[in-house]
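Please work from the sequences and hints to get the whole structure.
Top to bottom, those sequences are chains A and B.
Note that UniProt numbering numbers the first sequence so that position 176 is 176, with each residue one more than the last.
Note that UniProt numbering numbers the second sequence so that position 509 is 509, with each residue one more than the last.
By construction, these hints were calculated from the structure, which means they are not laboratory data.
Among the clues, some could well be false.
Just so you have them, the derived chain B footprint on chain A, three or more residues with Cβ under 8 Å [stated by the list, open to error]:
1) 60–70
2) 150–156
3) 163–174
If you only want the chain A side, here are some residues facing chain B, beta carbon under 10 Å, derived [unchecked claim]:
4) Q82
5) R83
6) V85
7) N101
Glycine residues also receive a C-beta, built at the ideal position from the N, C-alpha and C atoms.
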Amino acid sequence: MASRTASKDIITLRGSAAIVSEFFGYAANSILYNRGVYPEESFTKVKKYGLSMLLTQDESVKSFIGSLTSQLSEWLEAGKLQRIVLVIMSMATSEVLERWNFNIETDAEVVEKGVSREKSDKEIMREIQAIMRQIASCITYLPCLDEPCVFDVLAYTDKDVAIPFAWIESDAKLIQNPQMVKLHSFDTKIHKVDTLVSYKNDDWDEK
Amino acid sequence: MILRTPPPRKRRADSVADHESPVSDRRLVLYDDAVPVSSVDPPPDQMVCTYHCRQMVKSEFLVAFDTAEKQVREYQSQLERWKTELHESEDERKKCQDRLSYLEQELEASKGREHALQERLLKEVNDSQERYQFQIKRCHELEVQLKKEVDSRKNFESSAASAKERVTDLEEKLQRLSESSEREKNRLQRELSHLQDESQLSVSRKTADLEKMRLKAENLEEESELLRKQFKDIREQLDECLHQKSALEHELSTIPTPSQESTPSEDQNLVKHLRDELQNYEAEVQEARRLKSCHVNNELLKEKLLEEKGRREKAEMELSKFQQAQLNAQNLELELMSWKSLLKEIPDVTSYDDIPKKIAGLQKEAIESMIKVGEISAHLKELEVSLELAELSKQHAEKESALAKEEAENSAVEVKRLERMLSSVTEERDRLNKDATTLNKQKTVHADGGMMNETLVKDLESTLALREQTIKELENNLHKQREVMNRQHDEIKLLNEKLSFEARRIKSLEREGDRLRSEIALLESKLGHGDYSAANTKVLRMVNTLAVDNETKQTIEALQAELKKTRAKLQAVEELKGQSGQA
Numbered sequence: 001m002a003s004r005t006a007s008k009d010i011i012t013l014r015g016s017a018a019i020v021s022e023f024f025g026y027a028a029n030s031i032l033y034n035r036g037v038y039p040e041e042s043f044t045k046v047k048k049y050g051l052s053m054l055l056t057q058d059e060s061v062k063s064f065i066g067s068l069t070s071q072l073s074e075w076l077e078a079g080k081l082q083r084i085v086l087v088i089m090s091m092a093t094s095e096v097l098e099r100w101n102f103n104i105e106t107d108a109e110v111v112e113k114g115v116s117r118e119k120s121d122k123e124i125m126r127e128i129q130a131i132m133r134q135i136a137s138c139i140t141y142l143p144c145l146d147e148p149c150v151f152d153v154l155a156y157t158d159k160d161v162a163i164p165f166a167w168i169e170s171d172a173k174l175i176q177n178p179q180m181v182k183l184h185s186f187d188t189k190i191h192k193v194d195t196l197v198s199y200k201n202d203d204w205d206e207k
Numbered sequence: 001m002i003l004r005t006p007p008p009r010k011r012r013a014d015s016v017a018d019h020e021s022p023v024s025d026r027r028l029v030l031y032d033d034a035v036p037v038s039s040v041d042p043p044p045d046q047m048v049c050t051y052h053c054r055q056m057v058k059s060e061f062l063v064a065f066d067t068a069e070k071q072v073r074e075y076q077s078q079l080e081r082w083k084t085e086l087h088e089s090e091d092e093r094k095k096c097q098d099r100l101s102y103l104e105q106e107l108e109a110s111k112g113r114e115h116a117l118q119e120r121l122l123k124e125v126n127d128s129q130e131r132y133q134f135q136i137k138r139c140h141e142l143e144v145q146l147k148k149e150v151d152s153r154k155n156f157e158s159s160a161a162s163a164k165e166r167v168t169d170l171e172e173k174l175q176r177l178s179e180s181s182e183r184e185k186n187r188l189q190r191e192l193s194h195l196q197d198e199s200q201l202s203v204s205r206k207t208a209d210l211e212k213m214r215l216k217a218e219n220l221e222e223e224s225e226l227l228r229k230q231f232k233d234i235r236e237q238l239d240e241c242l243h244q245k246s247a248l249e250h251e252l253s254t255i256p257t258p259s260q261e262s263t264p265s266e267d268q269n270l271v272k273h274l275r276d277e278l279q280n281y282e283a284e285v286q287e288a289r290r291l292k293s294c295h296v297n298n299e300l301l302k303e304k305l306l307e308e309k310g311r312r313e314k315a316e317m318e319l320s321k322f323q324q325a326q327l328n329a330q331n332l333e334l335e336l337m338s339w340k341s342l343l344k345e346i347p348d349v350t351s352y353d354d355i356p357k358k359i360a361g362l363q364k365e366a367i368e369s370m371i372k373v374g375e376i377s378a379h380l381k382e383l384e385v386s387l388e389l390a391e392l393s394k395q396h397a398e399k400e401s402a403l404a405k406e407e408a409e410n411s412a413v414e415v416k417r418l419e420r421m422l423s424s425v426t427e428e429r430d431r432l433n434k435d436a437t438t439l440n441k442q443k444t445v446h447a448d449g450g451m452m453n454e455t456l457v458k459d460l461e462s463t464l465a466l467r468e469q470t471i472k473e474l475e476n477n478l479h480k481q482r483e484v485m486n487r488q489h490d491e492i493k494l495l496n497e498k499l500s501f502e503a504r505r506i507k508s509l510e511r512e513g514d515r516l517r518s519e520i521a522l523l524e525s526k527l528g529h530g531d532y533s534a535a536n537t538k539v540l541r542m543v544n545t546l547a548v549d550n551e552t553k554q555t556i557e558a559l560q561a562e563l564k565k566t567r568a569k570l571q572a573v574e575e576l577k578g579q580s581g582q583a
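Next up, the structure:
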């Protein structure tokens with residue numbers, strides 16, 4: 001994936017796709033923990049990105065996220081993935097309450113010609129760490145989720161992508177008149193990931 | 001001051017008035033070297049006349065000598081006075097020379113400073129000219145950019161106006177579309193209710209047919225059992241008949257021919273009887289065959305009954321699925337209502353087919369606007385950079401103008417100082433001229449002792465002429481410097497005007513930048529909202545939701561296949577119904 005050079009590391013398309021898909025896996029776990037979608041006792045701590053990250057131990061959620069990230073990695077290597085959205089919905093009403101938007105910009109030259117780029121691994125980890133810290137601090141401004149919620153993941157791909165098995169076309173699950181907060185971004189020089197969270201206006205705030 | 005000559009003795013001057021001779025007793029003493037002067041011997045009387053003459057001559061000589069001495073003393077005093085005056089003039093000359101040397105040094109220093117100042121001013125002028133030209137170039141470039149921005153803004157405004165017009169048209173079309181969609185919806189609802197009724201009727205008919213078929217099957221089963229029993233009996237009878245037949249045939253074959261001639265009537269009766277029995281047996285065999293075929297048909301009917309039972313169960317399942325499909329249809333109707341409500345908000349849509357086109361067009365516009373936003377943001381960054389550079393240049397120019405002002409003030413102070421020096425030097429010159437003229441006048445009276453003064457005066461006059469030339473040159477330089485300073489003041493004024501103009505332009509660019517930033521924020525919000533282009537993008541999600549494994553996948557596939565079959569059957573039923581309706 002990355003080989004050591006004097007001051008910068010060589011990043012290939014496969015390596016960058018692995019970094020981004022792994023980041024999404026950890027980010028999804030962090031969001032599920034921080035938003036209380038699953039109980040806290042179902043998460044365990046691991047060391048990643050220089051932080052103590054929380055991973056779910058629920059086998060079904062694990063397998064879901066695992067198969068999801070493997071498919072995302074394939075799309076990233078093909079340069080077909082444009083955006084990933086983690087949607088949190090009310091279990092009772094299926095109303096979309098939050099959308100965690102991860103916008104991806106891919107260097108087309110790398111996909112077409114297979115060239116590699118140079119960037120320090122430490123720098124990338126630092127950037128990801130900043131995003132993880134922001135996700136953890138989001139509870140200070142996001143409205144409380146007082147009802148049981150479920151989550152789903154949407155992938156915005158190119159039109160010519162063949163729909164894999166166990167995937168179907170879906171609507172965008174938008175929120176009407178959302179509030180938006182832009183978070184940090186990270187760049188592997190091949191894939192640039194911008195993070196943004198949009199959430200439904202809290203009734204208390206509207207009043 | 002030590003006098004070289006003693007002052008004149010006052011006693012002698014007083015004695016001259018008393019007409020006293022050096023000899024107090026008025027006696028003429030013969031001059032004799034050996035005789036001391038102080039020897040006082042009374043002269044003889046015989047020489048009194050000559051003595052009186054001599055005394056007279058002596059007195060006259062003494063008077064003349066006194067007068068000469070007086071004149072000498074006067075001349076000596078005058079000489080001493082002149083000497084003192086000469087010393088004083090020499091001192092003054094030295095002072096003047098020192099002052100002249102000082103002035104020359106000052107002049108050279110001022111020349112050097114002036115030269116340095118001129119060079120610095122020239123450099124500053126050149127720098128300011130270069131900056132001015134650079135500013136002009138930047139101004140031209142900014143003007144061109146501003147024109148481009150204004151043109152782009154006009155284009156955007158025109159496109160916005162055209163978009164607004166399209167919006168109004170689209171709203172009208174959307175109203176029409178909503179009306180048509182409502183009509184379509186009502187029609188579909190009516191058709192759906194009709195189909196529901198028909199399906200219920202068909203289901204009831206199917207159930208009735210199933211009941212009939214079941215009853216028939218039960219009757220046929222009973223009949224088949226009866227027939228089976230009859231078949232068994234008949235089969236037994238047939239076997240007996242066949243056995244009897246075979247025995248009779250055997251007997252017939254063993255019976256001899258005369259016996260046959262003897263009893264032809266009995267044989268004929270027997271043959272008739274046998275033929276009758278054969279016919280009966282054949283009839284029974286046919287009946288048995290018929291019963292066998294009935295049994296076979298019965299079994300076929302049983303199979304059909306089983307099939308119909310299976311179909312009934314399937315129909316019941318399909319009924320339940322139909323109910324689920326109704327629920328799904330209701331949910332779909334709700335979604336359709338929500339989509340229609342969304343459609344009402346979307347302009348430029350006349351039918352459902354236009355929706356993806358409109359969405360594609362909107363997404364294209366969004367992408368184009370995003371591209372424009374990116375270009376505008378890049379342009380904005382360039383403008384910000386140019387703005388920062390212009391502000392830096394403005395600050396630099398202000399600093400330089402302040403420095404130039406300070407230098408101009410310093411040079412003005414320097415000029416004033418030089419003017420004061422010049423005035424003092426001219427005054428000095430005038431004074432020296434006056435001294436020179438007085439000395440010249442004194443020279444005419446005292447020609448003997450004035451040779452030195454002439455040379456000094458000539459030297460002074462030459463130095464004065466030189467100083468006058470230097471003073472004239474200084475005045476010319478001062479005049480030139482003043483002109484240069486005036487020109488620099490004018491240039492500074494022009495630069496200040498241009499600075500103010502650039503500051504106004506900077507403010508306008510800042511306002512433009514703020515507006516563009518707000519547009520960028522708005523477009524970023526739209527982007528963050530989740531909008532996308534259907535022509536380039538599709539949204540996928542995993543069906544494999546949590547707690548679904550391979551078995552559920554297979555059940556899902558099986559259910560999907562059954563659903564397709566039921567839909568095909570429903571279509572067939574509808575076609576049959578249509579055909580029956582036509583019939």
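(request) Return the numbers of the hints above that this structure violates; sort them in rising order. (result) As far as the earlier hints go, not one is violated by this structure.
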